[in-house]
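**Q** Whenever a hint applies, use it, and build me the whole structure from the sequences.
There are 2 protein chains.
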Amino acid sequence: MKLYSYFRSSAAYRVRIALNLKNLSYDYLPVHLLRSGGEQLNADYRKLNPDGLVPTLVDGDAVLQQSLAIIEYLEETHPNPPMLPRDPIDRAYVRAIALQIACEVHPLDNLRVLRYLVHELGLSEEAKNGWYRHWIENAFESLEVRLSTDPRVGKLVFGDEPTLADLCLVPQVFNAQRFKIDTQRYPTIQRIYDHACGLDAFARAAPGAQPDAE
Amino acid sequence: MKLYSYFRSSAAYRVRIALNLKNLSYDYLPVHLLRSGGEQLNADYRKLNPDGLVPTLVDGDAVLQQSLAIIEYLEETHPNPPMLPRDPIDRAYVRAIALQIACEVHPLDNLRVLRYLVHELGLSEEAKNGWYRHWIENAFESLEVRLSTDPRVGKLVFGDEPTLADLCLVPQVFNAQRFKIDTQRYPTIQRIYDHACGLDAFARAAPGAQPDAE
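As given, the protein sequences belong to chains A and B, one line each in that order.
Every letter in the first sequence is one number past the one before it in this note's numbering, and letter 15, counting from 1, is 15.
Start counting at 1 in the second sequence, then tack on 214, and there's your number in this note's numbering.
Since the hints were made in silico from the structure, they are not lab data.
All values derive from a computational prediction rather than experimental measurement.
All C-beta atoms in this analysis are idealised placements derived from N, C-alpha and C, irrespective of residue type, glycine included.
Incorrect hints may appear among the rest.
Restraint ranges, calculated between C-beta atoms of paired labels, are given here [said to hold, decoys possible]: (1) A:Arg35 to B:His292: 27 to 33 angstroms; (2) A:Asn23 to B:Asp374: 35 to 41 angstroms; (3) A:Ala127 to B:Asn256: 27 to 33 angstroms; (4) A:Pro79 to B:Asp396: 41 to 47 angstroms.
**A** Here it is, written out as structure tokens:
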């Protein structure tokens, strides 16, 4: 398999964790989001990923986009170890937390949106950082309520084994810390993050461990 | 089952289509997003949905959030008729298109984000509409390229039967038209939308057909 990735992309980070959890080896193909006006917008790359986003996973003839679709594909084609529980209600719980991050936080705080705020709308650095903080804190507050009260939470979001929810949570916390959000205010989120980061599959997927890390 | 819904919410609209496709009857519980400072933010509702978002589906003891997690749950618990293809590569294609809309467009153009732009950042109505248009057009342009070239496209996104991708596409096109986007510029998207809207499950899920429609 080949993974088109950028070391700091949260979406690519999710897929790297999934590949590691499944013990799948892959070639790492860096796509630099800032260099040359954004390599993800090159015509050649957009043949693989029409939206001009990372990641893209190539598995034989299959060219796959969107991190959560890629992770569900890996789960279906390589079921062990599982990244989703067996019971449909528990699966919905795990997916809901993954989607809360993937739909309610990450889209608002990614590079192209922050750029639009500054370059098109003329926002100050301070207003941009306020925007960033607002959406992270808004989501982490309700997520903390949920994770600190749901009996399914263990060392990780669902018991002690990694699921799709942890794959989304860890990159988002990493990203928040990079933007100087005090994640200690969310003790359950912080505890899950700390535990996950100590696991080999997560550690090897971390931005700083990638070949294109700066 | 009970569905907490708002007639104009794209996310609730997706779930209504899914319930109709699966021939599942449900009680419709309206949550008015604009009235009384937003009924979705009430303490009682947030016990069901900590993020204060619609939809929420209650199925017996299970309380489920996030539209795509709910739809995957319905697919797992009521497999027929299917809303996902059988082949993992095709499933990834359908999910990628659903997620492109659910992660790259809808989060940027929903009510609370548009409000933040106006109330917190002081954007003019014109700048807000420009933002809205930008993210819709950006996504629809690459989606049109994809849907006009992928051999899997039929009357709908995957062949002629409704899938998760159509469930996301139709509410987004409806929403775009409400904001005066000329969707005729995307002929394949428009053709799929027109066909889907003629199907009973989609027609009964439309905002105008809901008990809380205004």
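**Q** Which of the numbered hints are not met once you compare them with the structure shown?
**A** The structure conflicts with hint 1 only, although it agrees with all the remaining ones.
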